[in-house]
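Place chain B on chain F using the hints.
Each chain, written out:
2 protein chains.
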Amino acid sequence: MTKGVRLAIVGATGAVGQEMMKILEEREFKVKELICLADPREEGNKVRFRDEDLTVKAANAAAFKQADIALFAVNTDISKALAPLARENNCLVIDNSYAFRLEENVPLVVPEVNPEDIAKHQGIIANPNCSTTIMVVALNPIHKAARLKRVLVSTYQAVSGAGKAGIDELEQHVRAYLAGDDIVPEVFQHPIAFNLIPHIDDFLSDNYTREEMKLVWETRKIMHAPDLKIAATAVRVPVFRSHSESITVETELPLKVDEVKTIFSQAPGVVLQDQPENKLYPMPLYTSNKDEVYVGRIRQDLSLDNGILFWVVADQIRKGAATNAIQIAEIVVNDSLY
Amino acid sequence: MTKGVRLAIVGATGAVGQEMMKILEEREFKVKELICLADPREEGNKVRFRDEDLTVKAANAAAFKQADIALFAVNTDISKALAPLARENNCLVIDNSYAFRLEENVPLVVPEVNPEDIAKHQGIIANPNCSTTIMVVALNPIHKAARLKRVLVSTYQAVSGAGKAGIDELEQHVRAYLAGDDIVPEVFQHPIAFNLIPHIDDFLSDNYTREEMKLVWETRKIMHAPDLKIAATAVRVPVFRSHSESITVETELPLKVDEVKTIFSQAPGVVLQDQPENKLYPMPLYTSNKDEVYVGRIRQDLSLDNGILFWVVADQIRKGAATNAIQIAEIVVNDSLY
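Protein chains in written order, with the working numbering: chain F, 1038 to 1375; chain B, 1038 to 1375.
The shape of chain F in the complex, shown without the other chains (with noise of 0.2 angstroms):
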């Protein structure tokens, strides 16, 4: 019998699916079988795999059936009816959506944070949020050098957030606005290009964005600190892909600019960039198609004595979405917890 896992992709044709695909290539995931599901409409397409084409198949209980694990790549509505199917069927789900991750018995986990958490699934273990990803890596090795009191963050969102859909529409906004053509935002709320929105999800009752406050909730369950203090401005940019952030963090023990290089030159999933004098400090152009957080323009935050400031990079799809979904994958096989 071959090893590996028999493992299924749930929207295999998305960006994340298919950047998914492109992962478990590079990192040499042991698969016995790859079992590609997507809308039914797109039964019996082809994706590439491993130099195979792989036919598409619609994911039903007959599917999930076959699988060991899948990895959920679709919306919140889409999970919330088919991942139950899954589990059902004894197929561990890994979702990427939003449907899950603030239940109870869902852990919700950032393999450089809380490894630990897979352990305690029943049958779903939900990816965070990719803006909340990206800063937790951050975020967790000052706060256990020096404890986190308050996080504060504005974010620079790049249109991969959005999908393959919001990626097109930046580009075409931007043609027909060098064109001098009208331009009608579909994906967004506004035209993209050239523009900044400050908007992203829906808004709820106290006039934050729910993008905002997936910040503050997830980052709070992954870091196991229900009680840290954040406050989030969520921003749409007109760059395809990586998020960068702006972070204040106030910490309880005081730190030094040196010690912080030091502990993010440390810190696992971290790529530490902060040579101003060569110019050199994280940019969205830089790390796509990169699975490591860059961080740099680390100082000190002269309104106040223990705050730190520093910016933030990270590929939205990448460690985002898609290279965290697989890194959970992997701790599961390897300690065999499906």
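It is possible that part of the hints are untrue.
Using 30 angstroms as the maximum straight-line C-alpha spacing, the simulated DSBU-like pairs for lysine-lysine come out as follows [stated by the list, open to error]: (1) F:Lys1298 - F:Lys1186; (2) F:Lys1266 - B:Lys1316; (3) F:Lys1293 - B:Lys1186; (4) B:Lys1266 - F:Lys1293; (5) F:Lys1186 - B:Lys1266; (6) F:Lys1266 - B:Lys1181; (7) B:Lys1266 - F:Lys1316.
In case anyone wonders, no lab produced these hints; they're calculated from the structure.
Just so you know, these numbers come straight off a predicted model, no measurement behind them.
The following block gives chain B in isolation, referenced to the frame of chain F:
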């Protein structure tokens, strides 16, 4: 004798200089004579003003002798060289560069905030940095109502901050990117198309950029708040005009979101734009060619009792530079302070 002043514009052919001429027309500024000055290499060129072609002259002592007021829209080095010459020739300088802003005897003025400082001038009045001007118009009414203790700002700055060359470079980089051509940055440190560059102006010794420190130093001077705690992160974004800022303030007195909305709706130079249910919030694409500072996304800071978060956008070339200088000139003329 024709009523009005003899007004010179130094740098009349640049982005800010051209905008100044547009605004002088719009606001029906009483100009007896407009003297367009620029680099000697541009001498003899024509610029359009009130349906006339004016001839560009070299900026020298003879030219300043003909003028009552000179609006300087040139870089710091040129201002340093020419402003003393203007002053010696009894021409009042309103300078847009960084050259004199922090000098003790030079008022640094945003008319909505500290118009009374204009009267203290000794021949030079400074126009603040664009990001600072935009921020203080929003901060000042909050400060008056509840006393600011601490300000944190992350900027999203348009390429127009680097003048016409910056605007041209963004368009050129975007076209090259879409065509798959090589991108050669000249104005910016890195390619700006579909990218973010957390590096504006030079780096100083503590890893802050001068742009970030201008937000600290200039805000304190304009607001007469030498101890106000401020920390800033300044980021260049691929937007043509209008700077945006994500601002967090801590106040001595508590403020409710509704009170803040009332304060902003009555504040001079501010347009409140905060109706998330109608997808209405400030965006740079829609504030170009406007003179006001747009404020929205007002929220209670979830991480602090006396904290407010908001989002500010304004045209960098207008309120951030040209409009503010002309507002100063209007006060000078009305009060005959030249």
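Evaluated hints:
1. Between F:Lys1298 and F:Lys1186 the alpha-carbon distance is near 19 angstroms, which keeps this suggested pair within the 30 angstroms criterion.
2. For the proposed pair F:Lys1266 and B:Lys1316, the alpha carbon gap of about 28 angstroms is at most 30 angstroms, so the pair holds.
3. For the hint pairing F:Lys1293 with B:Lys1186, the CA-to-CA distance comes to about 23 angstroms; that is within 30 angstroms, so the pair holds.
4. For a cut-off of 30 angstroms, the pair hint linking B:Lys1266 to F:Lys1293 stands: about 19 angstroms separates their Cα positions.
5. Restraint check for F:Lys1186 and B:Lys1266: the C-alpha separation of about 19 angstroms stays at or below 30 angstroms, so the hint holds.
6. Restraint check: the Cα-Cα separation between F:Lys1266 and B:Lys1181 comes to about 27 angstroms, which is no more than 30 angstroms; the hinted pair holds.
7. Of the supplied pair hints, the one linking B:Lys1266 and F:Lys1316 holds, its CA atoms being roughly 28 angstroms apart against a limit of 30 angstroms.
Hint compliance for this structure: no hint is broken.
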